[in-house]
Amino acid sequence: MDPVASSQLTESLVKRLAGPSTGKAGLAKDQTEINRIIAEASKGSKFYENEKKKDKDLTERIARILKLRGEAIEGVDLTKIEHHVDKIIIDLENERDLSQVIVHFDMDAFFANVELLHNPTLKGKPFSVGGGVISTASYEARKYGVRSGMPSFIAKKLCPELILLRSHFEWYNEESNKVFTILRRYDPRLSAAGCDEGYLNITPYLQKHNLTPGECVEEIRRTVHAETNLTVSAGIAPNMMLAKICSDKNKPNGQYHLAFDSKAIIDFMGDLSIRKVPGIGRVNERLLESVGVKTCGDVYTHRAVLYLMDKQFGLRFLLRTYLGIASNEVKPYERNERKSIGAERTFPPLSSTKDMLDKLEEVAAELESDMESSGWIGRTVTLKFKLDTFQVFTRAKSLNHWVNKKEELFAVGKELLFPELPTSVRLIGLRVTKLKDLKASTSEGIKRFFGPAQQATSGSKRKASDIDEDEADDASVDQEEHDSDDDVMPGFHEQDEADIDPSQHDVDDDEELQIIQPLANIRKRPPNSVPGTSISHQLTLRSRSKSAGPSRSHGAAIAEPSTTTSTPSETHTCPICNEALTSNNTSLNEHIDYCLSRDAIKQAQGTSTKGNKVLSSGDTTKEYALNGFKRLKLRPDPPVKSKRKG
DNA sequence: CCGTGAAGGACCC
DNA sequence: TGCCAGGGTCCTTCATGA
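The UniProt record's numbering applies: residue 1 is where the first sequence begins, and numbers increase by one.
These are calculated hints, taken from the structure and not from any lab test.
Think of the CB as a built atom: it goes at the ideal place given N, C-alpha and C, for glycine as much as any other residue.
Among the clues, some could well be false.
Stated by the list, open to error - Label-pair distances were calculated between CB atoms; the ranges are:
#	residue 1	residue 2	range
1	Gly-44	Asn-400	18 to 24 Å
2	His-168	Glu-227	15 to 21 Å
3	Ser-152	Gly-124	19 to 25 Å
4	Arg-166	Tyr-48	25 to 31 Å
5	Arg-166	Lys-43	25 to 31 Å
Unchecked claim - Derived PhoX-like pairs: lysine-lysine, alpha-carbon spacing no greater than 20 Å straight-line:
#	residue 1	residue 2
6	Lys-439	Lys-405
7	Lys-157	Lys-15
8	Lys-143	Lys-67
9	Lys-43	Lys-56
10	Lys-294	Lys-276
Based on the sequences and whatever the hints tell you, model everything.
Written out as structure tokens, the structure reads:
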């Protein structure tokens with residue numbers, strides 16, 4: 001919005017230190033005071049310094065973006081562009097599907113409430129669950145500003161009487177299963193999003209029982225409470241994104257039903273903070289804010305600039321959130337969707353090689369046991385380590401055979417760690433990707449019916465060698481969905497809304513000066529001279545075919561809920577010439593394209609030569625990647641020092 | 001021009 | 001007193017090999 005004042009840095013930094021969830025339920029009294037205490041407690045620490053650096057980098061990145069914006073809008077007729085975007089919006093609007101009733105449920109302060117079940121005397125007291133970092137805080141504790149993602153020692157400062165409890169994952173797991181079991185009565189295809197929240201498509205249930213969404217959800221919540229003594233909040237909307245946002249509306253033990261009406265939805269999104277949109281975190285919030293977008297409604301106001309800067313912001317994604325359009329395909333998680341499995345551990349900074357190797361070995365052992373019990377083997381091993389400065393690095397190696405054994409994981413980890421060695425780390429982790437499912441019921445269908453006696457004999461049965469023969473080269477995908485949906489579900493830590501993203505490659509200040517850096521790193525690669533330091537993320541959350549539109553399932557005979565096939569022919573008004581058109585999407589788009597092509601594009605593009613196809617946005621599948629305008633110096637970052645390889 | 005591996009990040013819970 | 005987790009997913013950029 002406004003130019004950055006000198007105090008900006010401190011301001012954003014303070015906010016950053018305060019953590020991402022400054023809008024949580026159970027709001028605190030004086031956030032400013034709380035932020036002050038947090039900043040105070042953090043000051044001077046390594047963590048603080050790292051955050052400071054990240055904040056500075058972000059601020060610089062924003063400056064670059066603003067400069068870019070200036071260049072992009074120079075001499076361009078924004079009005080024309082707005083018209084064009086309006087056309088895109090019409091396309092998107094036609095994708096809207098209001099036929100499904102989606103519910104997002106979210107257990108209230110899950111970990112904390114489960115603890116309460118086991119220890120009723122905690123009722124009414126401020127307490128938190130978690131170790132060094134808090135996972136969940138009771139509502140009483142939240143009043144003091146204590147939230148998830150916050151280190152315990154700071155929480156104590158905010159609330160001296162705070163009772164710190166250790167996590168009891170078995171308990172949460174147990175309750176979680178109970179809850180999901182109950183919820184599956186309403187939709188067996190429930191989609192879990194962590195252990196305390198998920199989505200349901202209750203459309204079929206509503207029809208079968210002749211209930212209204214509100215009644216049904218009340219019943220669901222009542223049932224969950226009756227059977228588990230836990231409260232749950234829920235949101236009812238036509239798609240998952242909206243449902244999720246809604247479940248936060250009446251947070252503790254409440255529900256919110258959004259009107260299934262295009263207009264109402266857009267109004268609803270209108271003054272909603274863009275930050276509430278899943279996928280937009282602290283970084284993107286600031287990036288967007290820098291160009292004037294603080295609410296979803298602002299997306300529309302600034303559509304022209306966002307269009308011109310599609311590469312950095314992802315216009316389509318933003319327009320969809322502005323319209324409140326998103327996927328409504330609720331489906332259960334399947335094993336074959338797993339992409340990686342890993343383990344990591346944080347400890348007080350270590351610098352002796354032996355100590356580090358001990359940790360590495362520990363992690364390798366842990367990973368082996370996880371892989372073993374869950375039935376996975378993989379081909380790529382990635383070592384992750386965090387220096388005492390909080391900078392995070394990863395080093396990977398792909399093998400030509402499958403691994404899951406501790407010895408091998410450890411060996412590869414060592415190999416990857418050695419070159420980095422003279423260093424001090426506070427975290428070491430190993431992750432394996434390019435997975436192969438040992439429990440997969442091999443190929444298509446058939447096998448599945450002739451059950452391969454391989455019951456989950458706790459994994460221990462088959463040994464790696466068995467699969468070795470399997471031909472390492474078929475690293476391809478031979479994953480086949482299947483049941484054996486043990487217990488474990490993805491992401492198992494409650495995290496309310498906070499998130500401390502400790503990662504961040506930290507290029508030291510003199511990064512640029514090192515461009516000439518001598519052969520110093522020929523043999524060794526200083527962690528802080530890593531390649532690819534470019535900072536250029538985008539907001540792109542390109543929903544890959546996850547459209548909200550007609551749930552078209554490929555071939556299979558999946559539900560195929562009634563969809564609102566956009567009426568082939570309706571009356572639209574061309575946003576450019578105002579002519580009333582009775583036609584289908586295609587013709588309408590063609591018409592609009594025609595209108596626009598007359599001059600708008602040409603003028604806007606001016607000299608721009610290549611790239612800009614004709615932006616035929618008629619098809620909903622193609623992206624509107626016509627960011628051809630000022631493409632020249634679009635590289636957000638000056639090429640960071642070239643890193644020579646040895 | 002494209003597919004792929006590696007490294008860095010943003011985000012989520 | 002004692003200084004900020006861990007499990008994952010997806011996306012981008014860069015370097016390369018066909």
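Quick check: does the Cβ-Cβ distance between Ser-152 and Gly-124 fall within 19 to 25 Å?
21 Å Cβ-Cβ, so the 19 to 25 Å window holds.
Determine whether the Cβ-Cβ distance between His-168 and Glu-227 falls within the hinted range of 15 to 21 Å.
holds (20 Å)
Checking one constraint from the list: CA of Lys-294 to CA of Lys-276, max 20 Å. Satisfied?
With Cα atoms ~10 Å apart, Lys-294 and Lys-276 stay inside 20 Å; holds.
Please work out if Lys-439 and Lys-405 have their alpha carbons no farther apart than 20 Å.
With a Cα-Cα distance of about 17 Å, the restraint between Lys-439 and Lys-405 holds, given a limit of 20 Å.
Quick check: does the Cβ-Cβ distance between Arg-166 and Lys-43 fall within 25 to 31 Å?
holds (28 Å)
Is it true that the CA of Lys-43 sits at most 20 Å from the CA of Lys-56?
holds (16 Å)
Given pair status - Lys-67, Lys-143, alpha carbons within 20 Å
It is violated: about 41 Å lies between the C-alpha atoms, which goes past 20 Å.
Measuring from beta carbon to beta carbon, are Arg-166 and Tyr-48 in 25 to 31 Å?
Hint holds: Cβ distance 26 Å, inside 25 to 31 Å.
Can the restraint linking Lys-157 and Lys-15 be considered satisfied, given a maximum Cα separation of 20 Å?
holds (18 Å)
Should the hint that Gly-44 and Asn-400 are 18 to 24 Å apart at their CB atoms be regarded as holding?
At 48 Å between Cβs, range violated.
In summary, the structure is inconsistent with hints 1 and 8 from the numbered list given earlier, while agreeing with the others.
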